[in-house]
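Number of protein chains: 2
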Amino acid sequence: MAATKESPIIFYDLASQENTPWSPNTYKTRLALIHKGLPFRVEYISYPDIAPLMKKLGAPPGSPNSPKFPYTLPVIADPSPEPEGKPIYVSDSWEIAQYLERTYPPPKYPTLFPYDAIAVNYAMTASLGRTAYNALADLAIALIGTNHVLDERGHEYFMRTREEMFGKPLAEVIKEEESKWSTEIRSAWATAGKLLDANGPMDQVGPFVMGKQISDADFRIAGLVLWLRRGEGPEGHRWKELLEWDGGRWGEIWKAVEEMEARSTEV
Amino acid sequence: MAATKESPIIFYDLASQENTPWSPNTYKTRLALIHKGLPFRVEYISYPDIAPLMKKLGAPPGSPNSPKFPYTLPVIADPSPEPEGKPIYVSDSWEIAQYLERTYPPPKYPTLFPYDAIAVNYAMTASLGRTAYNALADLAIALIGTNHVLDERGHEYFMRTREEMFGKPLAEVIKEEESKWSTEIRSAWATAGKLLDANGPMDQVGPFVMGKQISDADFRIAGLVLWLRRGEGPEGHRWKELLEWDGGRWGEIWKAVEEMEARSTEV
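Chains A and B supply the protein sequences, listed in that same order. Under the working numbering, the first residue of the first sequence carries the number 1, and numbering increases by one thereafter. Under the working numbering, the first residue of the second sequence carries the number 1, and numbering increases by one thereafter.
Hint data in this document are derived by calculation from the structure and do not stem from the laboratory. Take every hint as true, because none was put in to throw you off.
One copy or two, either will do: identical chains are not told apart, so a pair holds if it fits within one copy or between any two.
Here are the simulated lysine-lysine pairs, DSSO-like style, with alpha carbons at most 27 Å apart:
| hint | residue 1 | residue 2 |
| --- | --- | --- |
| 1 | K175 | K240 |
| 2 | K5 | K86 |
| 3 | K212 | K108 |
| 4 | K194 | K68 |
| 5 | K180 | K255 |
| 6 | K55 | K68 |
| 7 | K68 | K168 |
| 8 | K194 | K255 |
| 9 | K180 | K194 |
| 10 | K56 | K86 |
| 11 | K180 | K240 |
| 12 | K68 | K56 |
Model the full structure from these sequences, guided by the hints.
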C-alpha cells in the first residue's frame, strides 16, 4: 500500500518559530517527497525532543557514528504495506532518497535519479558538500542562531550546542564569516559552478546538475539557498546575490524549487 | 576534417622499457580514444623530454599551477580542420575527454558521457581519486620505480624525483605500503565500491559507474588496475586480488577494458 492523502508519509522536520522549513538537510527530503508526488504530513520537532522521540518510535539514528548527536532529522515514517502494520522509519536524507526511489519507483513516480545514475548523483552531492555547503555553513548556522529562527526550546539548545562547537559566541562567528562572503564563500561556489559548467552552455543544456532534469543533487543546492534565506530573512541581500552568482545557475535551480513548492503534496 | 588512419590523432604517452601503457592518467586518454573509435598513433616520451618537447610544440601545460612539473602527459595533437593547419594540442586527461566529446560528438561517435551527464561523471572521477587512487598511489609509484618499468632515462628521472618527493628510498615506501594492502587500501576501495553499489545489484544494473554503459569515470578505475599490474608485473598477486574485491566490480570493468583493447584504434 502506497502512501495516500488519508494515510500520508510522516515527515519529521525541525521546528522553528513559524514552523516553516529552514534546515538544508531536511529540505532535501521535503523536496524529494514533493518531486515524487507523495502525500506527506509534517511533524515539527524541537531539537531537544529529537533523540527521545526517535528512540520511542524505534527510528534508526541518522548519524549512528556521531558520539554526541546520533539522532538527527530528517526522518520519515512510511505507512506499512500491511494493514495495522508498524510504519517503516528511514532516517538521513540520502538514505531516504534511495528508499523513496526503490519504494516509489519510476516511471509511476517521477525519478530522483534520472537514468538510474544514482552513484554519480551522490558523488555530485558530496562534491557540493565540500564546496558550496562547507563554505556557507558557518555563516548560515550563525545567522539562524543570532536571528532567533528556531522555537524557544530549540533556540536555547541550538545556541548552547553551536557556541560550544565554535568555542565562541555566534555573533563573533558572523563577523568573521561576513568578511569571507565575497572571497572564500564566493570562490567555493564558483568552484561548484565551474564544475557544473562542464555540462555545456546553461541556456542549451539546462541549469540542473543533470542538465534539463532536476534531480536529488539539485535539492542540496536548494537547501543551502533556503538556509541562508531563513538565516538572514527574506529582506537579506546575500541570498539574493547568491542567486545571481555563476551565470544565475543557483537562481534557476531556486526558481524551479519555488515552482515545486507551489504544487506541494503536503497534506 | 576528422582524424583518419592516414592523419591520426597523435597521443603522447609516457615511455617505458617496452613502450606499452603503464600510467593511470595517460591510460584514461588511450581508452577514451579507443572508445570513440578514433585512429591514433602513439609517441612515447621519456620523462625528461616532456617539458622541452611540449614547449617546442607549443602544447599547453597540463598542470599550469604546478611550480615543479607544469608539463605533464597525456597530451594529444588533433589534426587541424584546415589543410596544412597546425594541429590542436590538448593536455590533461579531463580536458582531453571534454575536447573529444565536443569535437567528435555522439551519436556519430560513441559518447564518453552518457546522457550528457558530464559534471556528475567528473564528480565521480574526483571521488574515485580521493578513495581508490589516493590509497593506491604510493604503492603503485614505488612498484613502478623499484621494478624498473621505465626506459633508462625515464627511470633515472622517476627514481630521483619520486624519492625526493617521499623523502626516502622507494624500497622503504613499498615496505610501508605493503602493510596497508589489506587494511587502508582495501578499505578505501570498499568505500568506492559501496558508493557504486548505490546503483543497485550489479547483475541487474551493470557494473559500471553509470550502470550498463561504460563511461569516462570507469577509465579512472581501469588506469589504476593497469598501474598496479604494470608495477608488480602480470604475475603479481595484488592486482588479481583487487579484481575480486567489492563483488568483482573492478574485475568486470577491467574485463570490458581488455575487450576494448582487443579492438584498439591505434595505428
